[in-house]
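Student: Chains V and R supply the protein sequences, listed in that same order. Reading the first sequence from the start, the letters are residues 0 to 522 in numbering that gives the first Met the number 0. Reading the second sequence from the start, the letters are residues 0 to 376 in numbering that gives the first Met the number 0.
Please note that the accuracy of each hint is not assured.
Examples of chain V residues lying across from chain R (beta carbon under 8 Å, computed) [said to hold, decoys possible]:
no., residue
1, Met102
2, Ala478
3, Leu486
If you're looking for bench data, these hints aren't it; they were derived computationally from the structure. Since the model is a prediction, treat every value here as computed from it, not as a measurement. Here a beta-carbon is modelled for each residue, glycine too, at the ideal position from N, C-alpha and C.
Below are the chains, spelled out letter by letter.
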Amino acid sequence: MIDEAVVDLSRLQFALTALYHFLFVPLTLGLSFILAIMESCYVMSGKTIYRDMTKFWGKLFGINFALGVTTGITMEFQFGTNWSYYSHYVGDIFGVPLAIEGMMAFFLESTFIGLFFFGWDRMGKVQHLVCTWLVAIGSNLSALWILIANGWMQYPIGAEFNYDTMRMELASFADVLFNPVAQVKFVHTVAAGYVTGAMFVLSVSSYYLLKRRDIPFARRSFAIASSFGLASILSVIVLGDESGYTVGDVQKVKLAAVEAEWETQKPPASFTLIAFPDQEQKKNRFEVKIPWMLGLIATRSLDEEVVGFDRIIPDNEKRIRRGIEAYTLLEKLRSGDTSQETKNAFSDLQYDLGYGLLLKRYTENITDATDEQIRLAAENSIPRVAPLFWTFRIMVGAGFIMLLVFIAAFIQSARHRSSSHRGILYACLWSLPLPWIAAECGWIVAEYGRQPWSIAEVLPTYMSASSISRGEVIGSLTAIIAFYTALAIVEVYLMLRFTRLGPSSLGTGKYHFELTDSPRAQA
Amino acid sequence: MDYETLKLIWWALIGVLLIGFAITDGFDMGVGMLLRVIGKSDMDRRVMINSIGPHWEGNQVWFVTAGGAIFAAWPMVYAAAFSGLYVALIITLCAMFFRPVGFDYRSKIDDPRWRNAWDWGLTIGGLVPALIFGVAFGNLFLGLPFELDPLLRASYHGSFWGLLHPFALLSGLLSVSMLAMQGGAWLQMKTQGLVLMRAQSVTQVTAAAVIVLFVLAGIWLLLGIDGMHIVDMKPAGDKLNPLMKTVAYGNGGWQANYQQMPLLWLIPILAIVMAGLTLLLSRAESVLVFITSSLCVACVILTAGIALFPFVLPSSRDPNMSLTMWDATSSELTLGLMFAAAVVFVPIILLYTIWCYRKMFGRVSKEYIEENSHSSY
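Between the sequences and the hints, there should be enough to build the whole structure, so can you do that?
Tutor: Structure, rendered in structure tokens:
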């Protein structure tokens with residue numbers, strides 16, 4: 000039997016390392032494009048202030064990037080260390096985008112970032128600009144491939160089970176590549192990254208404007224951030240809606256969880272704004288609903304249903320029963336009975352095999368599962384609803400607040416009044432945490448909402464774990480938490496130090512602290 | 000192209016990635032190890048770090064891509080090796096945490112304690128992974144105590160301490176000396192003055208150590224360790240899983256491949272020759288020393304890979320369950336697709352990597368760092 004504690008601890012470790020890694024990734028995605036835009040302004044206008052902007056924001060980018068790289072290594076190897084059965088079972092498909100990500104994106108990004116930092120006086124302006132753009136393109140390409148991999152976990156198309164090798168194998172790469180879930184996830188996630196980069200620059204620039212220092216520098220940064228940010232937040236929201244539509248189409252369980260849809264409503268379904276979902280009773284204790292809205296978002300129609308758990312759980316129970324049959328046939332195939340009849344029978348049922356595997360958590364011997372075990376497996380074939388319901392709403396709420404902030408900032412900037420309205424500047428400053436809150440919540444919606452599966456409807460999380468000991472995972476978890484905490488403290492310390500110092504940290508002699516002979520200019 | 004050829008190609012490609020990693024990230028790790036040995040002053044150390052500053056990020060991608068490629072081409076190996084060697088791998092990852100932040104953060108604050116702490120971090124980040132990779136490689140020859148259940152779930156029956164067999168430790172020392180030599184050779188190409196002189200002597204010592212340890216490991220392997228060979232397996236081009244073959248100890252051990260194709264002995268010989276040349280060239284101020292050292296690294300890894308072939312992860316618990324490049328691979332479609340991707344991207348990667356090195360070619364000087372104190376590492 001697999002140790003349940005090892006599974007839970009491994010999940011905790013994966014969640015912590017992924018959420019932590021994802022603190023740095025969105026900023027890299029967004030800031031790299033902002034740097035490329037700033038440097039393009041420099042090359043086109045020839046004004047050195049744009050070069051200083053590229054270098055200063057690049058310095059902060061570097062501090063962030065170092066931690067992104069550090070925590071990315073853990074992600075790459077954690078599938079093997081903690082999820083070894085997963086790696087074996089789906090490596091044939093899942094490994095491909097990861098390897099291509101390395102070849103196509105990481106090399107590009109990481110090779111040219113060296114030239115971005117060290118190549119200023121080694122090449123012409125245009126060549127350096129090309130390097131900066133390649134860093135931005137590289138980091139965005141890596142997001143593309145990792146989200147193709149992740150999209151496949153959510154909606155595993157283009158793959159078939161092979162009973163000889165006892166794993167899923169690639170059947171159509173085009174299906175994996177053009178997976179609709181991966182496509183909407185990619186655009187939604189990178190746009191969220193752009194918002195993060197824009198909010199970061201906007202917020203820090205507002206701080207300088209509020210302090211009334213380095214005004215021309217801060218104003219230009221503010222202008223670029225507010226326009227880039229407004230375009231990005233609009234894309235995030237529109238594409239998030241698109242994402243909702245795709246989820247409604249192919250991930251009905253996740254949609255039901257996010258909307259706390261215990262019962263299938265008569266179409267068009269109303270949208271539950273606030274509720275307190277009760278998993279045991281399978282109902283919401285308090286609800287505020289908006290009529291029609293959910294039906295419109297999820298199905299874009301007035302007559303299609305949004306399926307609730309009252310239908311999903313009994314359906315899943317049926318699939319679990321068929322999964323038992325599939326598993327029985329698989330055992331026959333593996334013991335040598337490869338008659339055409341068995342093969343055909345298995346082939347008909349192979350898409351329910353994963354549901355059969357859900358029973359592994361409750362019994363060693365799937366074929367002898369009792370009705371009670373099957374019922375339990377069906378009950379637990381959906382994620383916990385309350386955390387999903389709330390994280391989704393926090394994400395959307397943060398998105399709309401940012402939309403307002405970017406609109407206000409953009410209007411001020413367009414009127415050349417970015418430094419005049421202190422209220423708006425304070426709003427920009429205090430909005431700094433919002434993109435990160437939204438991004439982390441979005442991650443929880445996507446990944447926690449996939450439970451109890453690691454590969455939706457194919458491989459249960461429980462089955463995916465490695466055969467390692469509790470002690471080993473506790474040890475690694477402790478070490479990682481200790482390291483990551485220390486690194487977070489150092490990172491935040493450096494970020495604060497250099498944002499306070501501002502462009503004076505470049506040592507050009509032109510900026511605030513260098514003009515006033517402040518002792519803090521030394522750094 | 001048939002499945003069998005694709006399997007062979009992927010054995011070679013993973014070899015290329017591992018060698019690429021050892022050559023490029025190897026000198027970063029070597030510089031890290033030597034930071035406190037060669038770098039006596041803060042300025043020395045800054046020179047050393049800035050010599051690899053523009054390149055370490057790209058170099059580390061060899062490691063990441065090798066990981067991704069093993070995941071995609073040999074999923075079973077990725078699964079069994081990394082979960083089996085759990086503690087060793089977590090220690091390696093934790094040591095590697097020090098590097099990106101160490102390079103970037105060290106010189107951002109002018110405080111001796113801060114910089115000293117990061118220097119220790121960078122030393123650990125170079126030394127520990129080099130040692131553990133070597134120890135792990137050594138253990139491949141001894142076999143790892145893992146087995147597979149009928150669902151092909153791997154379970155490991157050893158402990159971290161069990162990895163510290165004397166032969167594995169010898170192999171760990173070889174790996175450390177080899178990467179230190181590589182780091183020394185790099186510094187000879189990129190620095191000047193006292194740092195350059197110290198790098199010359201360090202490279203000589205480590206190159207000598209590489210020769211001695213490599214020969215010792217070879218003798219040990221010939222005389223003291225039983226190799227495995229496949230007794231019975233379906234045709235290599237079939238769809239296979241690791242439970243479908245018979246494996247036995249003996250039959251010439253790990254040198255069987257060399258006995259069958261004596262020409263292959265050239266590779267270990269070349270490894271020794273290149274280490275010798277590295278030693279000799281370190282007396283002259285020659286850029287060639289980096290090339291001979293890199294070739295030595297490549298030949299040492301190739302020697303080990305060829306000895307093990309077709310095994311990738313031999314099992315000491317049940318040799319029949321050993322993972323080989325024939326039966327622990329991905330499907331034909333996946334291997335073919337990934338090969339196509341490699342054919343397109345690897346040349347492009349090599350082109351821009353070379354361009355990048357050429358742009359940054361030349362020795363790093365104290366004066367340069369003093370002038371660019373705000374933007375240098």
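Student: With reference to the structure, classify each hint as holding or not holding.
Tutor: Results for each hint:
no.	hint	in the structure
1	Met102	holds (4 Å)
2	Ala478	holds (6 Å)
3	Leu486	holds (6 Å)
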